[in-house]
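Q: Just need the whole structure built from these sequences, with the hints factored in.
These protein sequences, in sequence, are chains A and B.
Heads up: the first sequence begins at 637 in my numbering, then just goes up one per residue.
Heads up: the second sequence begins at 3 in my numbering, then just goes up one per residue.
Any given hint could turn out to be false.
Heads up, incomplete: computed chain A residues facing chain B, CB under 10 Å, no partners named [as the list claims (entries may be wrong)]: (1) S690; (2) P693; (3) H709; (4) V711; (5) Y720; (6) V748; (7) S760; (8) P761; (9) G779; (10) T781; (11) K800.
Quick caveat, the hints were computed from the structure, so don't treat them as lab data.
For glycine and all other residues, C-beta sits at the position ideal for the given N, C-alpha and C.
As a plain string of letters, each chain reads:
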Amino acid sequence: MVTVAEPRREQILAWLDEVKDPEVPVLSIRELGVLRDVEVIGDDVVVVLTPTYSGCPAMHAMEQEVVQSLRRHGVDRVRVRTVYSPAWTTDWMSDEARAKLEAYGIAPPGRVEQDDLVPLRRRSPIPCPYCKSVNTVMRSEFGSTACKAIHFCNTCRQPFEQFKAI
Amino acid sequence: MSRGDKESGRGASPPDNGWVAGARPAGATSGVAENFTFEHLLRLADDRLVLGHRLSEWCGHAPILEEDIALANIALDFIGQASALLKLAGEVEGKGRTDDTLAYFRDAIEFRNAQLVELPNGDFASTIVRQFLFDAWDVLLLERLTTAANESLAGIAAKALKEAKYHLRHSAEWVRMLGDGTAESHARAQRALDELWPYTHELFLTDAIDGEAVAARMGVETATLRAPWLETVERVLREATLTRPKDGFAPRGGRTGRHTEHLGRMLADMQSLARAHPGATW
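A: Quick look at the structure:
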């Protein structure tokens, strides 16, 4: 059973690399860390996802895209299971994924900090993804999506988004 | 719905039985314990659902664009957390109720949120001060719930805790800016604090349902959270040059379904679409 299922599982994981975050289309759900596992039980495939944020509206889009993407490869019996533990963290993001984010114009997340009551505006500045200057300021802790904050670069006079480290 | 079930399930017992810690009637079915769990999960979920909806009322109305986005983002986190908790509550109850049924088809008397979160938003200072008072409590609560015996609850709490810490940083920073800002912002923040302080006491009340939840390692002895909560709150208030109000008037009742007049009106708005078009999807 396992010997049959394992290559199939690998194949399904590879197919799921096609599923991108609709808000950050340079990252697949695998690179984002949202895709946690694939379970192959006979003809049934269970895709295990974890949300980035509890209320992230893009989760529904990603769930639908997982099902549709596997259907295109002839896998019809697909279910999505949501798990909350371990809680998603940007620390799972690989250096390669971070480089893709920066090239796309979104500053990648730093390492998760522990001192929780240090005001965000007094933290070290985030390098600008366009001109790499560190002469930047945070404009808002919250951005166009739950996972991003808004900064402004004083050198190239560009607003930019940063993937929040959580 | 849940109230009716509980009463009929205990028809032969005096009304207070089961509501007193440790006084569960001998021979009680596991259904009784599950009802406690259900009630406990509703309390956790309803705080988030109601506060999330209140925050969403700011969408398009906040004083600056960044805060409009921030409040909507925070609302989304709370509604997401509520959805996960209500799903779990529905599973525990075992009657086929989903997160949507529980959110949109219960009346005010069936809601278990603390009264603090249902109060109207008031001005921006009032919204921020309430948020700060709640966030400081929420972080402490969720930290303890991450070790809950129920894996699903522990997972939801661990996820929500990260969000709660971010919320607290945001609201604490705004309390500092408003309190230590202009005379006008200081006065508004102090007035909000004075008005909201009495409602914080309910967050630390512990009754039989909490007792059962603690015994089942699914809950938190909320009374023990007050000392660390005061430590955080007083520190930020000092930095904000605001005066910590005296303890006194302490309204309560939200946890057992007795609410202010404001909740019913809020629900009328929140639930109108789902009730006008039951079962509608998009």
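Q: Taking the hints in turn, state whether each one holds.
A: Tested hints:
no., hint, verdict
1, S690, "holds, 3 Å"
2, P693, "holds, 7 Å"
3, H709, "violated, 27 Å"
4, V711, "violated, 25 Å"
5, Y720, "holds, 3 Å"
6, V748, "holds, 9 Å"
7, S760, "violated, 15 Å"
8, P761, "violated, 17 Å"
9, G779, "holds, 7 Å"
10, T781, "holds, 8 Å"
11, K800, "holds, 7 Å"
The structure is inconsistent with the numbered hints 3, 4, 7 and 8, although it conforms to all the rest.
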